[in-house]
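*Asks:* Just so you know, the sequences run in chain order H and P.
Mapped onto our numbering, the consecutive letters of the first sequence carry residue numbers 1 to 110.
Mapped onto our numbering, the consecutive letters of the second sequence carry residue numbers 1 to 113.
Accuracy of the hints is not assured; some may be wrong.
As the list claims (entries may be wrong) - DSS-like cross-link-like pairs, simulated, lysine-lysine; straight-line CA separation at most 25 Å:
1. P:Lys24 / H:Lys42
2. H:Lys42 / P:Lys78
3. H:Lys42 / H:Lys59
4. H:Lys79 / H:Lys59
5. P:Lys68 / H:Lys42
6. H:Lys69 / H:Lys59
7. H:Lys109 / H:Lys59
8. H:Lys57 / H:Lys42
9. H:Lys42 / H:Lys79
The set of hints was computed from the structure by calculation and includes no laboratory data.
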Amino acid sequence: EDQVTQSPEALRLQEGESSSLNCSYTVSGLRGLFWYRQDPGKGPEFLFTLYSAGEEKEKERLKATLTKKESFLHITAPKPEDSATYLCAVQAASNYQLIWGAGTKLIIKP
Amino acid sequence: DAGVIQSPRHEVTEMGQEVTLRCKPISGHDYLFWYRQTMMRGLELLIYFNNNVPIDDSGMPEDRFSAKMPNASFSTLKIQPSEPRDSAVYFCASSLAGRTEAFFGQGTRLTVV
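Taking the hints into account, I'd like the entire structure generated from these sequences.
*Replies:* Put into structure tokens, the structure is as follows:
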């Protein structure tokens with residue numbers, strides 16, 4: 001069964017303290033892995049798509065990486081405005097649906 | 001473009017009443033998705049359309065739920081009759097064929113009392 005597991009469920013960091021969020025997946029043929037950010041009361045906002053193992057993408061303080069079994073979202077020197085829930089989703093090659101993880105709630109304290 | 005537009009933002013209704021949620025996708029997008037989000041189950045895909053045609057409605061929980069897309073710029077999700085367990089945030093999202101990232105609306109927070 002296709003599945004996505006994110007860890008940790010919640011992460012509290014001090015401003016400037018770098019860390020990583022994990023997204024482990026099992027899927028029968030990966031079409032793509034997606035990272036989204038969701039702020040309270042808003043819809044998920046697209047961040048990155050990764051298609052193959054070894055691929056990396058960066059945006060400001062965020063960098064996403066992909067292996068055959070997991071993806072990491074690295075946050076370098078985070079700021080309070082990076083506080084949000086980060087969602088990971090995978091798309092199987094067999095269909096167009098996204099399978100979502102439960103998310104990691106990130107809190108950055110000033 | 002203003003992005004995906006959903007209405008209403010909040011809806012409070014009594015059990016047994018009909019509820020209609022509305023969505024205007026981004027112009028030119030040919031895929032439209034309806035999701036439900038709860039604390040317990042996270043994001044769940046309910047149904048998606050391609051070129052206004054329903055492709056997969058296997059996520060629709062019961063016959064009480066129905067969705068339509070009469071044209072490329074409008075879709076509705078209807079719940080009749082509503083029940084307290086339907087309380088959730090409902091999101092609409094759209095995307096372009098060949099590009100797989102989906103753009104989400106602000107959501108409709110539904111409370112059934």
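*Asks:* Of the hints stated earlier, which fail here?
*Replies:* none
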